[in-house]
Amino acid sequence: QKEVEQDPGPLSVPEGAIVSLNCTYSNSAFQYFMWYRQYSRKGPELLMYTYSSGNKEDGRFTAQVDKSSKYISLFIRDSQPSDSATYLCARYNTDKLIFGTGTRLQVFP
Amino acid sequence: DGGITQSPKYLFRKEGQNVTLSCEQNLNHDAMYWYRQDPGQGLRLIYYSQIVNDFQKGDIAEGYSVSREKKESFPLTVTSAQKNPTAFYLCASSIDRLNTEAFFGQGTRLTVV
Chain B
988 QKEVEQDPGP LSVPEGAIVS LNCTYSNSAF QYFMWYRQYS RKGPELLMYT
1038 YSSGNKEDGR FTAQVDKSSK YISLFIRDSQ PSDSATYLCA RYNTDKLIFG
1088 TGTRLQVFP
Chain L
103 DGGITQSPKY LFRKEGQNVT LSCEQNLNHD AMYWYRQDPG QGLRLIYYSQ
153 IVNDFQKGDI AEGYSVSREK KESFPLTVTS AQKNPTAFYL CASSIDRLNT
203 EAFFGQGTRL TVV
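Just so you know, the sequences run in chain order B and L. Heads up: the first sequence begins at 988 in the numbering used here, then just goes up one per residue. Heads up: the second sequence begins at 103 in the numbering used here, then just goes up one per residue.
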């Protein structure tokens, strides 16, 4: 079992939709979780990180961690075509980041 | 501007040749990382370094080598022993080994011809 699993998509939604991106993880010892956004042929950029359980909100983005089910979610409200990218979840393990495979999101006008 | 610079952006290599990818950062970060990205496989860790003159193997180190002689530089050499080197290579850095926020370069796309 991979340490962080993510549906590769692609996920295609209309502009204005609420998007839900999800990851599962296997090691309950992890505390830090991150979401990165990667545009085509570019390096990933950090969107949000959360510690332990609960929600964290930043503008149109909400990150949620459910430790009981080992589930990490990123919600995007009022999605825009500029949100079209690959979204990578990651968890911190001692001294390195472990990434999921990424979910490709397409928001069409 | 502070950041991470990878060069070149595109690189072509003949089979059997070694090639070195450059990664420089001016963020004064202690930790630096090399990842490889292939379609459908996410980012896989090749090597990482938490401090100058020290580095550790990641999950897929075979066929690669690194050095960390200066804090701001962490070059990656793809050797002829790497059987499938065509990929997108990403360098990252973070303030320290806790790595809760890693900053990435724009990547180098290596193609073996």
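It is worth saying that the hints were derived from the structure and are not from the lab. C-beta: ideal position from N, C-alpha, C; glycine also. A hint or two may mislead.
Unchecked claim - With a cut-off of at most 30 Å between alpha-carbon atoms, the simulated DSS-like pairs for lysine-lysine come out as follows:
id, chain 1, residue 1, chain 2, residue 2
1, L, K159, B, K1043
2, B, K1029, B, K1043
3, L, K159, L, K111
4, L, K111, L, K185
5, L, K116, L, K185
6, L, K111, L, K173
7, B, K1083, L, K185
8, B, K1029, L, K173
9, L, K116, B, K1043
10, B, K1083, B, K1029
11, B, K1083, B, K1043
12, L, K172, L, K159
13, B, K1057, B, K1083
14, L, K185, L, K159
15, B, K1043, B, K1057
16, L, K173, B, K1043
17, L, K111, L, K172
18, L, K159, L, K173
19, B, K1057, L, K111
20, B, K1057, L, K159
21, L, K159, L, K116
22, L, K111, B, K1043
23, B, K1043, L, K172
24, B, K1083, B, K1054
25, L, K185, B, K1043
26, B, K1054, L, K185
27, L, K159, B, K1029
28, B, K1043, B, K1054
What the hints assert, rightly or not - Over the 12 Å line for every Cβ pair with chain B, so calculated as not near, a few chain L residues:
id, residue
29, K111
30, S124
31, N130
32, A133
33, R146
34, Q152
35, E174
36, T188
Now for the hints, and whether the structure bears them out:
1. K159/L to K1043/B: Since the Cα atoms of K159/L and K1043/B sit roughly 33 Å apart, the hinted pair is violated (cutoff 30 Å).
2. K1029/B to K1043/B: 26 Å, holds
3. K159/L to K111/L: 24 Å, holds
4. K111/L to K185/L: Given pair K111/L, K185/L holds - Cα atoms ~21 Å apart, limit 30 Å.
5. K116/L to K185/L: 12 Å, holds
6. K111/L to K173/L: Cα-Cα ~22 Å, so holds.
7. K1083/B to K185/L: Roughly 25 Å between the alpha carbons, so the hint for K1083/B and K185/L holds.
8. K1029/B to K173/L: 24 Å, holds
9. K116/L to K1043/B: Distance ~48 Å between K116/L and K1043/B Cα, so the pair is violated.
10. K1083/B to K1029/B: 21 Å, holds
11. K1083/B to K1043/B: 22 Å, holds
12. K172/L to K159/L: With Cα atoms ~18 Å apart, K172/L and K159/L stay inside 30 Å; holds.
13. K1057/B to K1083/B: 19 Å, holds
14. K185/L to K159/L: Holds: K185/L and K159/L sit about 18 Å apart, inside 30 Å.
15. K1043/B to K1057/B: 16 Å, holds
16. K173/L to K1043/B: 33 Å, violated
17. K111/L to K172/L: 22 Å, holds
18. K159/L to K173/L: 18 Å, holds
19. K1057/B to K111/L: 37 Å, violated
20. K1057/B to K159/L: 28 Å, holds
21. K159/L to K116/L: Measuring from Cα to Cα gives roughly 25 Å; hence the hint holds.
22. K111/L to K1043/B: Violated, at about 35 Å.
23. K1043/B to K172/L: 37 Å, violated
24. K1083/B to K1054/B: Given that 30 Å is the threshold and the Cα spacing comes to 20 Å, the pair holds.
25. K185/L to K1043/B: 42 Å, violated
26. K1054/B to K185/L: Roughly 39 Å between the alpha carbons, so the hint for K1054/B and K185/L is violated.
27. K159/L to K1029/B: Between K159/L and K1029/B the Cα gap is close to 24 Å, so the pair holds against 30 Å.
28. K1043/B to K1054/B: 14 Å, holds
29. K111: Incorrect as stated: the minimum Cβ-Cβ distance to chain B is 9 Å, not above 12 Å.
30. S124: S124/L clear of chain B: closest Cβ-Cβ about 14 Å, beyond 12 Å.
31. N130: 18 Å, holds
32. A133: Given a closest Cβ separation of 8 Å, the condition is violated.
33. R146: Non-interface label on R146/L violated, nearest chain B Cβ at 8 Å vs cutoff 12 Å.
34. Q152: At about 6 Å from chain B, Q152/L fails to clear the 12 Å cut-off, so the statement is violated.
35. E174: 17 Å, holds
36. T188: It holds; T188/L is separated from chain B by about 15 Å at its closest Cβ, greater than 12 Å.
Checked against the numbered hints listed earlier, the structure breaks hints 1, 9, 16, 19, 22, 23, 25, 26, 29, 32, 33 and 34; every other hint is satisfied.
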